[in-house]
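Visitor: The primary structure of each chain is shown beneath.
There are 2 protein chains.
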Amino acid sequence: MLQATSNYLQKKGITSTTVVLDKARAQENIRRMTQKAQRAGAIFRPHFKTHQSAVVGRWFHDAGVRHIAVSSLAMAEQFADLGWRDITLALLFNPLEIDRAAQLARSLTQRGGRLGLLVDSPHTAGIISAAMDVPTDIWLKVDTGYGRTGTPWEDGETLRSTLAACQELAVPVGLLTHSGHSYSARSAQAINRIYAETISRLRSARDQSRRHGLRLSVGDTPCCSAVDDLSACDEIRPGNFVFNDLMQLDIGSCRIDQLASATVCPVLGVYPERRQVVVHGGAVHLSKESLPGPNYGCLGTAGPEGLGDVLREAPLVSLSQEHGVVEFARENFEALAGNLRPGDLVLVWPVHSCLNCDLMREQMAVPLTI
Amino acid sequence: MLQATSNYLQKKGITSTTVVLDKARAQENIRRMTQKAQRAGAIFRPHFKTHQSAVVGRWFHDAGVRHIAVSSLAMAEQFADLGWRDITLALLFNPLEIDRAAQLARSLTQRGGRLGLLVDSPHTAGIISAAMDVPTDIWLKVDTGYGRTGTPWEDGETLRSTLAACQELAVPVGLLTHSGHSYSARSAQAINRIYAETISRLRSARDQSRRHGLRLSVGDTPCCSAVDDLSACDEIRPGNFVFNDLMQLDIGSCRIDQLASATVCPVLGVYPERRQVVVHGGAVHLSKESLPGPNYGCLGTAGPEGLGDVLREAPLVSLSQEHGVVEFARENFEALAGNLRPGDLVLVWPVHSCLNCDLMREQMAVPLTI
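Protein chains in written order, with my numbering: chain A, 41 to 410; chain B, 41 to 410.
Simulated from the structure, these hints should not be mistaken for lab results. The model shown is predicted, which means the values in this text are computed figures rather than measured ones. Some hints here could point you the wrong way.
[Claimed, not checked] DEER-style ranges, computed between Cβ atoms:
id	chain 1	residue 1	chain 2	residue 2	range
1	B	250	A	314	23 to 31 Å
2	B	198	A	343	48 to 56 Å
3	A	333	B	43	37 to 45 Å
Glycine is no exception: its CB is placed at the ideal position from the N, C-alpha and C atoms.
Bound conformation, chain A alone (with noise of 0.2 Å):
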């Protein structure tokens, strides 16, 4: 089985560590999320941190979407160029950036797009506030339970100061919210707990901010996957869905079928008598992200078909720099890797697709589909 995908992967050419797409299968995620999106009556932003890439982002463009989320001024700035016109930087503004924030609003507005920015201070609105010269979108950053970023939803007081500090061409458009906490349920049912408890908190505090007109905005995977009905937001922002990985098919957002993005590892060492094979595939090309076991990635089959399989009995027990260790159950070592050499090829499966991506973003700019 490995090498009947050693040799699909050898006749596409790659000889080196290669971040690989399943096109079908990603523009399906993306067919599937705005199609959701629309029954909800919402709007879609999907977060372009995941591929940080020209080309899926054109597959996005084929889909209908026109707002995007990034997560860097430098990718704001990026997607601007390649001609996306509104653009929410989807983490709290840096103050030391509103001068080029300033320039990139204004370019934006001049092509009838729109810059949006998050603040969870009085301090951050009054800098934007002061600097801008053409309409930008406000949000106002809403902790809803995750605990990283954002204004306790209960805490109305900040709120509305918030609110009070966006003067002149800063304009509060909604409240905003990132349910991380969603990444640590295991099952649809504790998934639709955490929306519940988002949307009920991000209501109060819209109550609490006395701006009934604030639209709301939910972001995250799991739920924006595993919620059948999205209607009570005005916006989603979801971004890992459109690849997936082993974590959301572990979280039970996702199925099998749905995993987009694999990485190439060329076989380096094999080693019988421990049942491992070592691959040219580490913390720099995978990340360091990891599930219970440890597992850092997991191999799996591709060909013709597009990506296939996903091979739990054969995880990445260990990854340094360079090198991910795979250690095979002991009754598969033979049947799988038997005959694997140095030279041959590996499709991993990675824990995170958005770090995974990251990581090759020189080659995510065209990257390899199949």
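Given chain A, put chain B in place with the hints provided.
Guide: The following block gives chain B in isolation, referenced to the frame of chain A:
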């Protein structure tokens, strides 16, 4: 204290997440290791995967270094383009890259240099032998206890058959090991024990190989930093020592004033009620490498004298893709962070400088030095 560091870093013109190098410290680290290699009568072949930087490479060149190690063929080509002529591709050779490697070997040889490759199987040795049209140094990778790649040191039969497969222009020059298990040591005594065992096992492997002219090459930073007398080696290949990091500090293989790289991160949010500050410094900047705690880095100081102290009371306790959460010890929040605001800058010491610099590789081409 944090405010003084922030003011100093802002005067340097930093506005977004940026790696900074203390040039004087890094050059002193290079000078010390160069002298240690000289005293040992060993070739000093620093591993350039740590910095991947043309500028830092010049600092090594200025110190007299002419031999380097790299961790991918692409990195070998990059440094060959920069004028380096004696390059060891210090991970097991991937046979799929034989054509590119042969071309690089020709190019280096024409300029009076040499390419070095690593093998641990007759299979790969045979492929190199068949393809090379200029002399190429072959290093037998030996596993002296780390358990990742290499022929086990006691497996004389494989060592001899691999040597026998080195034909024509594939010239066996030595036995090479990476004692990566030294990273688990936490005292000079423990590191010295690992080093002594490494040398003893390499010598035994050489005896079993029946080629007494083979050179011995040792690579890990903990051993090369903490062991006084390296005269049993013919070559040393440390990389991490040029910058060191919190892991080397915990291992006991460097001092605080030998930490030479850090990442400056803008403050995005301040949360006194949970004694936390959230910075724009996440897994895409620092990597998810961690020390027990967990600790994904910790804050430090900087000023006109260069990089400064390590603030153990201000660790990064969690890390997502873009965000780092700094949690201050109870008694320290007001004193250290009480007046921090979004847009201030903090200095973060990385757990693992190699992964941090790899993530910031675009900046490392011409890094900011202080």
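Visitor: Looking only at beta-carbon atoms, does the pair residue 198(B), residue 343(A) fall within the given range of 48 to 56 Å?
Guide: Taking Cβ atoms as reference, residue 198(B) and residue 343(A) lie about 34 Å apart, which means the hint is violated.
Visitor: Should the hint that residue 250(B) and residue 314(A) are 23 to 31 Å apart at their CB atoms be regarded as holding?
Guide: Holds - the Cβ-Cβ distance for residue 250(B) and residue 314(A), about 26 Å, lies within 23 to 31 Å.
Visitor: Does the beta carbon distance between residue 333(A) and residue 43(B) stay inside 37 to 45 Å, or does it fall outside?
Guide: holds (43 Å)
Consistency with the previously given hints fails for number 2 only.
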